[in-house]
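Visitor: One-letter residues, chain by chain:
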Amino acid sequence: MQTYSYSAFGLTLTSELACPFLFPAQPDRPVDVHIRMGSVPAELDAPTAKGVLYQARPNQFLMRLDDVAAFLVSDGNEIIIERAPQATDDEVLLFLFGSAIGALLHQRGTLVMHASAIETERGAVLFVGHSGNGKSTTAAALHKRGYRILADDICPLALDDNGNPVALPGFPQLKLWADTAQKLAHETDGLRRVRPQLEKFGLLVHDEFVNQPLPLHAIYHLTNNNKKEFKLEPIEDSRRFNIILFNTYRKRFMDGLEMRADHFKLATTAGKTARMRRVTRPSAPFMLDELVELLEQDFKAD
Amino acid sequence: MGKIYWIASYPKSGNTWTRTFLTNYWRNLDQPVDINELEGGPIASARELFDESVGIESSDLTSAEIERLRPRVYREVAENSPENLYLKVHDAYTCTPDGIPLLSKEATAGAIYLIRNPLDVLVSFAHHSARPVEKMIHALNDPNYAFVNSPNRMHNQLVQKLLTWSGHVLSWVDEPGLNVLVVRYEDMHRDPESAFGAMVRFAGLDFDEDRLRKAIRFSSFDVLQSQEQEHGFGEKMPFSESFFRKGKIGSWREQLSDEQAAEIVSGQRAVMRRFGYLDEQDQIVF
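In order, the protein sequence lines correspond to chains A and B.
So in this note's numbering, spot 187 of the first sequence is number 187, and the numbers just go up one at a time.
So in this note's numbering, spot 206 of the second sequence is number 206, and the numbers just go up one at a time.
One chain only, chain A, in its complex shape (with noise of 0.2 angstroms):
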C-alpha cells in the first residue's frame, strides 16, 4: 500500500491515508508516528477511563464514532484507523487530527493544550477557553492582521533542552464557520467543508504557519460575558497552574493514560514563565477588532 510522509505537530509521520493539508516530512527524519489502515478491537482490555465514545488505559486509546471511523492509537507512536465505508476521506481525517491525535500527544508525554496559538515576536501566543469562546476566531483574525499561524485547537507544550516551555506548530489549517470566515472577509466558495454536512470550512495557511517549537511567551484565557466592557487582568499565581490544566485537550483522556506527574511538572513550569491573562469580552456582538486590539497592544507590551 502506498504511504505517504508528513511533518506535523514536530512530528514525522507516515501515514496510509493521505492528508494533503499537511506538510511534506523533510527527507531523512526518523518517523515517530506511524498511521495505518486496519481493523480496530470493540473494547480495549481493562480500560482505566470510559467516555461516551472511547477508552483509555496507559498506553491505549480507542476511540468509535459510528458511520465514520474507529481509531487505536498506542504507545504514542501508532494510530490505526478502521473507516465506515461511507465516511469520506476529509471525515476521517477531522477526527484524526482531533481526538486521535490529542490522545497520541498525550501519551507522547507533551502537555496538550486545547487552543490556537499564533507566532510574535515574543514566542508563541496561545489562545485558551471553552468551545465557542472565540480561540479559532481570535487566531485567525491575528493571521488577517499579519500574523502566523501556530496551531489551531490542538497546541501541545513541552520542555526545551533548557527545560524551557515550548509550544509546538499543530498543521496549517484554520477552521472557520460560516459566520467567522465572512466576518474575516474569506469567501466560503472556494473552501473545503470540514464535514459535507456542516458550515464549517478548512482554510489553508501554509503560506503563514511557523513549522517550528517556539518558545511560550503567553497564554490568554478568553471569557465572555453579559457586561458592556471588556476586561483584561492578570491570572493570579495561584490560579495559574489549574487555568492550565483545565484547558488541556480533552483532559478527561490524561485520566486513562496514568501520566499526570509529566503534565503536572510541565503546567507548573509553563505556569511559572508565561504572561498569563484572563480576558472577558461583551458576548454579543462579538466585537473582534476590540479584542483583538486590546490582545495584541498586551502580547507586545513589556
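Certain hints may be false.
[Unchecked claim] Within a straight-line C-alpha distance of at most 25 angstroms, the following computed SDA-like cross-link-like pairs (lysine to any residue) qualify:
id, chain 1, residue 1, chain 2, residue 2
1, B, Lys161, B, Asn144
2, A, Lys227, B, Phe239
3, A, Lys251, B, Arg68
4, B, Lys236, A, Thr223
5, B, Lys236, B, Ser266
6, A, Lys228, B, Ser242
7, B, Lys248, B, Val182
8, B, Lys214, B, Glu228
9, A, Lys228, B, Phe233
10, B, Lys236, B, Ala46
11, A, Lys251, A, Ala49
12, A, Lys144, B, Ser59
13, A, Lys183, B, Ser63
14, A, Lys251, B, Asn84
15, A, Lys183, A, Arg148
16, A, Lys228, B, Glu230
[Stated by the list, open to error] Chain B regions said to be covered by chain A (calculated; three or more residues, Cβ under 8 angstroms):
id, stretch
17, 19-27
18, 61-74
19, 151-162
[Said to hold, decoys possible] So, partial list: chain B residues that the calculated Cβ filter (under 7 angstroms) puts toward chain A:
id, residue
20, Glu52
21, Gly55
22, Ile56
23, Val180
24, His231
25, Lys236
26, Pro238
It is worth saying that the hints were derived from the structure and are not from the lab.
A virtual CB, placed ideally from N, CA and C, is assigned to each residue, including glycine.
Given chain A, work out where chain B should sit, using these hints.
Guide: Here is chain B on its own, set in the frame of chain A:
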C-alpha cells in the same frame, strides 16, 4: 434508577428561582447564596458537558449525531456521579431519531417540571430576549421552535427543541414512566411553603421546616433583584436590561393587547385549561 433530577421548564418559568431556592436549602447558610454561584448547572445542553463526556468536540458533529449521543452523555454522567445530580434543562422531553429519550430515562431519577401562565411567559421571554412580543408569540406557537439553531455559527450550547409552549408541557408531564413533580410558578408565589416544600420532599432531601422558610426568604424576588443590581447576573442575555424584571403574576395585562393575548390562548387553550390558566368559561385566571 438514575441519579439526575431535572429542573425542567420552558424558559422564563421559574427555573432560576427554583435553583436559587434549592441552593439556599442545600447550603443552609446565614445569608443568601450568591446568584452567580447557583447549583443545578451546567444546563443539560452545555457544550462542555457533552464534549468532555463524549471525547469528541460537538462542533465537529452533525445535529443528528449530537442528538443520538446526548442520552449516552447523561447516562455516562449519572454513572460516574457518586451522588444525585440536579441539572437545569429547557429542552422539551423528546426522542432521538432512534426513538430513545434524549434525556435518558436510565439516567433520570425524576423531574421537577415548572409551569407558568404562557401569557406571562411571553412577556418575560420577549423582555429577556430583547425581541418584539409578536416574534415571541410566533415562538410559543411554533411546533418547531428551537434554541440556538443557526447552522452558520457555534454557540456555547447545543440545539434545544422547545416545541410549542403546550408541546413542551405535555412532552414532560405526559411522558409515560417519568417520575415528574409539576409545580406552578403561580403557586410558588401564592403558597411558597407548599410549593417549595413539595420540591424538597420530591428530590429526596431531608425536610426541615425552618430551613425551608429560610431558603424561601433568601430566594425572594427582592433578594435576587438587589443582587443583580449590585453585581449583575451571568445568565442575563446581553441585550436585555435585567434578568429579574418583575417576577409578578399577571403582568401580561399591562403589556399585551387583547389580540395578542387571544393569539396565545387560541394556540394553547387545552393545556391552559388543564393547568388552571383558563376557567370553565375560558376566562384567563391569573
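Visitor: What are the numbers of the hints the structure violates, in ascending order?
Guide: Violated hints: 5, 17, 23 and 24; rest satisfied.
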